[in-house]
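Participant: We have chain A; now place chain B onto it with these hints.
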Amino acid sequence: SAVISQKPSRDICQRGTSLTIQCQVDSQVTMMFWYRQQPGQSLTLIATANQGSEATYESGFVIDKFPISRPNLTFSTLTVSNMSPEDSSIYLCSGGQSMNTEAFFGQGTRLTVV
Amino acid sequence: GESVGLHLPTLSVQEGDNSIINCAYSNSASDYFIWYKQESGKGPQFIIDIRSNMDKRQGQRVTVLLNKTVKHLSLQIAATQPGDSAVYFCAENIPGTALIFGKGTTLSVSS
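Here the protein sequences come in this chain order: A and B. The opening residue of the first sequence carries number 85 in the working numbering; numbering runs sequentially from there. The opening residue of the second sequence carries number 24 in the working numbering; numbering runs sequentially from there.
Since the hints were derived computationally from the structure, they do not count as laboratory data. One or more of the hints may lead you astray.
To be verified - Residues on chain B that point at chain A, a partial pick, calculated with CB under 7 Å:
#1 Lys65
#2 Gly66
#3 Phe69
#4 Ile71
#5 Gly119
Heads up, the beta-carbon is just placed ideally off N, CA and C, and yes, glycines get one too.
So that you can see chain A by itself, here it is in the shape it has in the complex (with noise of 0.2 Å):
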């Protein structure tokens, strides 16, 4: 298995600001992925974040609004840009081996725009 670290676990922020999310995992993974879970709701899948090429955006996510950053195997940025009070969430990265095996995930950021 593997340990995922977000760093914050959370903030708050002003409205217009951006905010950048860190994940570390503590062994090589091959895939990342972000996610967003509303409170009371289900994840939702921001993108898959590619090593040293862009992410890979979900219907509904863009990469100006969500930038991503992935150097290497074991780290991950999710930046939420120009924030508004619907972007306060949970947003969570999540670690694997392939598309099909187990996903470990990290403790999440709770993030609440004002």
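Facilitator: Chain B alone, transformed into the frame defined by chain A:
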């Protein structure tokens, strides 16, 4: 044990009962399925997985059943304990894509 109908968001059981949590998945091309447990303030925790070439898999106190004919997945928890209280998500995987999560069921275990 108590069975939850599909799409019901909550399940309340007594300690020691068996729990059954159901999930309907959407895509017949899905070939890999995972159950996750999410406690308050934490990320989802892997419980058990099953591939489409199986119809049953057992772990410690948990069993996953897969019915591909009706696209149904269930998680059975034996001798449910208060520590099992959490939200449980099923997730499906279509080859070449990331996991897609179901709506989740909140399990409450009373002593």
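Participant: Are there hints from earlier that the structure breaks, and if so, what are their numbers?
Facilitator: 4
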